[in-house]
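K.L.:
Single-letter residue listing:
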Amino acid sequence: MQPFTIVTGKVAPLDRANVDTDAIIPKQYLKSIKKTGFGPFLFDDWRYLDKGDLDIDPATRRKNPGFVLNDAKYTGSTVLLARENFGCGSSREHAVWALTDYGFRAVIAPSFADIFFNNSFKNGFFPLALKIAEIDALFAESASGSDFALTIDLPAQTVSTPGGLTFGFEIDPFRKDCLIRGLDEIGLTLQHADAIRTYEAQRRIDAPWLFA
Amino acid sequence: MTTNKPKTLYDKLWDAHVVKDQGDGSAIIYIDRQLLHEVTSPQAFDGLRLNKRMPWRLDANLAVADHNVPTTDRSQGIADPISRIQVEALDSNCDEYGITEFRMNDARQGIVHVIGPEQGATLPGMTVVCGDSHTSTHGAFGALAFGIGTSEVEHALATQTLVLKKSKNMRVTVRGAVMAGITAKDIVLAIIGKIGTAGGNGHTIEFAGAAIADLSIEGRMTVCNMAIEAGARAGLIAVDATTIAYVQNRPFSPRGESLAKAIAWWNTLHSDEDAQFDREVEIDAATIQPQVTWGTSPEMVLPVGGRVPNPANEVDAIKRGSIERALAYMGIHADQPITDIVIDKVFIGSCTNSRIEDLRAAAGVLKGKRIAGNVKLALAVPGSGLVKRQAESEGLDQVFIAAGFEWREPGCSMCLGMNADQLSPGERCASTSNRNFEGRQGAGGRTHLVSPAMAAAAAVAGRFVDIRTVQ
Ligand code: SF4
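For the protein sequence lines, the chains are F and U, in the order given.
For the first sequence, position 149 matches number 148 in numbering that gives the first Met the number 0, and the numbering has no gaps at all.
For the second sequence, position 220 matches number 219 in numbering that gives the first Met the number 0, and the numbering has no gaps at all.
By construction, these hints were calculated from the structure, which means they are not laboratory data.
None of the values given here were measured: they were computed from a predicted structure.
Backbone N, C-alpha and C define an ideal beta-carbon position, used for all residues, glycine too.
Watch out, some of these pointers could steer you wrong.
Below, a list of computed lysine to any residue pairs in the SDA-like style, where the Cα atoms sit at most 25 Å apart [what the hints assert, rightly or not]:
no.	chain 1	residue 1	chain 2	residue 2
1	U	Lys375	U	Ala311
2	U	Lys164	F	Leu129
3	F	Lys34	F	Phe103
4	U	Lys19	F	Leu182
5	U	Lys165	F	Thr197
6	U	Lys167	F	Lys34
7	U	Lys11	F	Ala206
8	U	Lys164	F	His191
From the derived model, a few chain U residues whose C-beta atoms are all more than 10 Å from chain F [as the list claims (entries may be wrong)]:
no.	residue
9	Asp14
10	Lys19
11	His269
12	Arg434
Bound-form chain F, shown alone (with noise of 0.2 Å):
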């Protein structure tokens, strides 16, 4: 997983609440058995006129040319800015994946929802909350000027911009090294593997019908 320290980037404002999980990415997309490749789809109802499929080349495809990531001033950014609730919906990890496959590195809202915010730490993809006010604040600077880049600095837990904003941010100690670290989850709970077998063993005495 790659380690997330210090990310500097251009800022994509999507000025809308309760960003659900089939608006990210839809149904279509998650027949694929691979975890890779979905940048293309990404809001795909949004971004395209015409209706996409895993078969369908992207680049065939009519662009909404009224949606935010299809103005060439929001080419190539990597910090995504929405409103409360984001990622509600399925649990799809597909989301994640197409966000990063997209080349975001975070996005900021003021909420999430639970499971998407999970699953993007498993993906070395950071999730950052601010207040409502802060992010009213960077969406005015966004609007303001061509540009609009700011810096998250996860050691420091600080975001700031080119205008002199800095705000602090909480995250989980667990979580933050986790994203600093780049750490595979799977590898430090297998560290507990005896804790697991004592555990395991005695549930099958006190619940034996469970191990059928």
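Please build the complex by placing chain U with the ligand on the supplied structure of chain F, with the hints as guidance.
P.N.:
This is chain U with the ligand only, laid out in the frame that chain F set:
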């Protein structure tokens, strides 16, 4: 560590599964049951292979293909080659590792959240996970059940645990009794209407109160199914006599001495009287009307007698924008009466409402009637092969067919339209499923969530009607 502090049901389930408290707010939690399906597991199995890891405990897993399977004649296999590859990947992964799977032509095949309980693979006191957000359904049994992403599917396969942070405790109490004609679906939609789709974020919601206790297990599953639509990863209902009666004599449930031991434990699975909740919400059951969603989020819901909101009345600019966008997408206008909304299709199915009671409720409304001329397609899709068989033995299939419905094979079907069952752009559907997001049932499709009886009544009238006025 034992304390006498009163515990919530969630606290009890959590404490019973802690393998190791990591001291940083997270804990390694033991997983008793993992349900697998074709959409969110292939990348997890690939991960195992890549890292040369084996599943920790095979008998904790049960697999079924449901999202992609056709609901029409299955003797031809799956026509869509991409769907077929995904279902075949599940088959071969289960073969390779020796995981029990109900294949597409097995009578026990069905939607993963229907077959778990049906088989007794979901039991009180378990931790149950599945790479699907509606795993919250299984909380109806007093099990801690929640959806996970593919990385966690891999983690649970490889370690039989997950690393979790404990969520907060929330209780939604539905006091008193509901009026005649009000179902579990109306109760849960009314709850979501009240607390919003983010209302339960970060919480496990316990549903309590007389109106919840009065529900059958099937109704309880409908309520817990949509806990995720209220933002909660898990929903819970305390174990009682209804629960214990339901879980006995199923293929995976305990027998004999084990059963007695199990029941003794299950009877402790309720919140202690003085347990503290971080958040409490109360609803008076008698105020709940039949519900219909009008917009593109489950919280955009109204009593059937209501009118579509007018954005001009909304002071918050972001909310006003959401209402305007939803109205435009849904092709309805401000202040329109819900009962004036005319439909094109009807879908009775999904893990929310495809169990036998749901089919009985819908068939009860349809008996001796025909769907309206403007309804182009009406689908009845049982949740599992066993539900289908039961319905057929009761003659329900004939009621649906005589009314003009298509009677299909089990699967997720038009709940999300990964198979051929989809809405076309602009088509409007009365659906018993759980999500009305843009494009959920097909790109450009418009979904209104309702109970099975309300969907059947809408099919007959061609528009939404109050079930309480239907004879
Ligand atoms: S029926 Fe719908 S909500 Fe339920 S598991 Fe299938 S796709 Fe998901």
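K.L.:
Can you give the numbers of the hints that this structure goes against, from lowest to highest?
P.N.:
1, 6, 10, 12
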